[in-house]
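Starting from the known structure of chain C, arrange chain X on it as the hints suggest.
As they're listed, the protein sequences go chains C and X. Just add 15 to wherever you are in the first sequence, counting from 1, and you've got the numbering used here. Just add 6 to wherever you are in the second sequence, counting from 1, and you've got the numbering used here.
I should point out that these hints are in silico values taken from the structure, not numbers from a laboratory. Virtual Cβ for every residue (Gly too), placed ideally from N, Cα, C. One or more hints might be untrue.
[Stated by the list, open to error] Here are the computed lysine to aspartate or glutamate pairs in the DMTMM-like style, where the Cα-Cα straight-line distance is at most 20 Å:
(1) Lys193(X) / Glu179(X)
(2) Lys268(C) / Glu191(X)
(3) Lys268(C) / Glu54(X)
(4) Lys139(X) / Glu81(C)
(5) Lys80(X) / Asp229(X)
(6) Lys52(X) / Glu259(C)
[Said to hold, decoys possible] Where chain C lies over chain X, by a calculated footprint (3+ residues, C-beta under 8 Å):
(7) 51-64
(8) 127-141
(9) 220-229
(10) 238-245
[As the list claims (entries may be wrong)] Not close to chain X: a few residues of chain C, all C-beta gaps over 10 Å, as computed:
(11) Glu76
(12) Ala133
(13) Ala313
(14) Asn317
(15) Ala431
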Amino acid sequence: MKLRNALCTASAVAMVAGAAYAQESLTIAIVNNGHMINMQTVAEAYTAETGVELNWVSLEEGVLREQVTSDTATGGGQYDIINIGMQEAPIWGQAGWIEPLNFGADYDVDDILPAMRAGLSYEGQLYAAPFYGESSMVMYRKDLADAAGVTIKDNDSWARIMQAASAMHDPDNGVYGACLRGKPGWGDNMAFLTTVVNSFGGAWFDADMRPALDTAMWNEAVNFYVDLLGNYGPPGSEGNSFNEILALYNEGKCGLWIDATIAASFLTVDGVAYAQSPNAGNPVGANWLWAWAMAVPAGSPNTEAAVAFIEWATSKDYVQAVGNHPDFGWGAVPTGQRASTYELPEFQAAAGFAAAEMAAIESAAPAATDIKPYVGVQFAAIPEFPEVGSVVAQEMAAALSGAKSVEEALAASQAAADAIMREAGYYD
Amino acid sequence: MAIVAQSSKFGTYGRPILAWAVGLLFFFPIFYMVMTSFKTDADAVKPEFLFFFTPTLDNYLNMAENYDYWRFAKNSVITAVLATVFTMFVGIPAAYAMAFNPSRATKDVLMWMLSTKMLPAAAVLYPMIYLAKGIGLYDTKVLIVTVLSLINLPIAIWMLFTYFKEIPKDIIEAGKMDGVNTWGEIKEILVPLAWGGIASTALLIFIFCWNEAYWTVRLTTIDAATLSKLIEGNRAPEGLFFGRLSAVSTAAVGPIVVLGWFCQKQLVQGLTFGAVK
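The following block holds chain C by itself, in its conformation from the complex (with noise of 0.2 Å):
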């Protein structure tokens, strides 16, 4: 009996310091950026505080997309904490999928740009909160256009970005006056097409839901690309994003880029300046808007613990923290996120663009509006988006290879895209 006992109270006492130990215990799975490397670094401070056991899984953007929705879809339970972007988190908290997110009154839940709330929402309940966001803006050789005897001011038109780029294209020198994504992908070629066709009045869809492709809005919006890259572009552009963008504006080949706000923190050339993004005329500017999030699945064992890490990951002193940090500094703290960052005279003397990057952030227009029936600037917050996306960026980049022309494109991606859409019940 005495043995039963304390083979009991043994068991009682496993399962307790069991369960006490996998309270502690937090799985995190992440996106490559630079942001949250840091904070795998900076967050030592936090598990020395609260005896909370950080496990990082680091993956790349697509994998990561892939895995979490997989997690997920078989009924989570592999991450305490997950990496979402401004595409899923509200249609992802609309189905239940990831917690909510009701922070103490500390946390300052106002001080978060209003852009970035908004898109991180679903019905004014925030789902998942920013760690880092960002906007897109043009940055271009100053050297160059003063050379070439033409300026670039914010919010320009497109034919003035035309103009410049023909000014300041030299192939024979290997400076090309233009360089912008057209490797095809929904948050490739297409996240900066579509601001594109929204600064000239398009939208993916129309009231009813139906694809918009076939509008003049689109046709215009194309050719204007088509023509801007393909004749002052590098070669191979429809090989060409970020990554590929970034390698050749620092090897001094770009004269203008329009792409991420993050792009200027890794500009290594001298003589760049900052412009806000063109438009065609339009109240909606050519600047997207993007959050990477940290949210908890719905399947999560640890969500209380879960929610209190994001609480302290994304708060003010965190921002304290990196910007105080020896192997950081305040050039690295999160930006696109709190409005009090940008207000910090240290980040304003680190980060030359700050002011560019808030005014490009505010400016966004992620909320539904007449012209554009759904959430998001470069994306819809649709789950059909990233299929339709996919499918119209492969025509794109057909279009601006050559393989196509732009109207056999633009056609064939109404007819795929008013396929999905059938297919997924929006209309008969």
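Chain X only, in chain C's frame:
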């Protein structure tokens, strides 16, 4: 006469030069990767530092300190070794049976096994994940060893079958007449005779297991994650971390390249399926 002289001249100088050129062409990506691993991320993309740069060990130190390299490496060694052993353990008797005791169905069975390699892995991804989670084996070495063994078994059996077919049946039958049982035939006669083929098959299977990335990335989280997952995690869509990525890749392929170097004779024999005999 002139033609003979010309062709022998080509044989003396041309062929070695051509062989070296092809060899260098194939080796260049590995050389470039190793070289890049000693550059900083910023230097790695600057053309002026293509061959001349100040080498740094920072990427390797960073990897050892922050990326837990040894945990991934240990898992790679354990899963690749066990999967190879298991594959050979099942593959040798299976190939033996088909080579020396063929039935009418043998050809079809061999073709069926090969056809399983034609199925795109993505087609069975979700069923595999459901199954692995359902039986509680997700992110375990047991699962990875099982999957690696099963996906490589068809190739192993095909290779072993090809080697075994070259051994005269009479030798096996002589053993039978001397009263040796099946296990004895395999152990005492077949394995010593086909040792070269078995070794080259095992080596190739080990390399396949070590380099496998589709399943090892998708069926693991932490506990069973292999070096493939470490490399995968260092790819970035925004930011050129080529120095870091090259260091991780070099450290991941290093052991297998060294192993391949020591066993190149067997490997060539395995890859050419005995064509050089």
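Each hint, compared with the structure:
Taken as a hint, the Lys193(X) and Glu179(X) pair is honoured in the structure, with Cα atoms around 14 Å apart against an allowance of 20 Å. At most 20 Å may separate the alpha-carbon atoms for a hinted pair to count; Lys268(C) and Glu191(X) exceed this at roughly 68 Å. Under the criterion of a C-alpha separation no larger than 20 Å, the hint pairing Lys268(C) with Glu54(X) is consistent with the structure, at around 14 Å. About 16 Å separates the Cα atoms of Lys139(X) and Glu81(C), which keeps this hinted pair within 20 Å; it holds.
Straight-line distance between C-alpha atoms of Lys80(X) and Asp229(X) comes to about 11 Å, which keeps the hinted pair within the 20 Å bound. Our distance criterion of 20 Å between C-alpha atoms is met by Lys52(X) and Glu259(C), whose separation comes to about 12 Å. A stretch counts as covered by a chain when three or more of its residues have a beta carbon under 8 Å from one of that chain; for the region 51-64 of chain X and chain C the count is 3, and the coverage holds. Coverage of a stretch by a chain is defined here by at least three residues with a beta carbon nearer than 8 Å to that chain's beta carbons; for the region 127-141 of chain X and chain C the count is 5, and the condition holds.
Coverage of the region 220-229 of chain X by chain C holds [criterion: at least 3 residues with CB-CB distance below 8 Å; count 4]. Given as covered by chain C, the region 238-245 of chain X passes the check, having 8 residues with a CB less than 8 Å from a CB of that chain where 3 are the minimum. Residue placement check: Glu76(C) does not keep its beta carbon more than 10 Å from all beta carbons of chain X (closest about 5 Å). Under the 10 Å C-beta cut-off, the non-interface status given to Ala133(C) relative to chain X holds; the minimum distance is some 23 Å.
At roughly 15 Å, the least C-beta separation between Ala313(C) and chain X is larger than 10 Å, which holds for a residue marked as non-interface. At the 10 Å boundary, the C-beta of Asn317(C) stays outside the reach of chain X, the nearest C-beta of that chain being 14 Å off. With a least beta-carbon separation of about 21 Å from chain X, Ala431(C) lies farther than 10 Å from that chain, consistent with its non-interface assignment.
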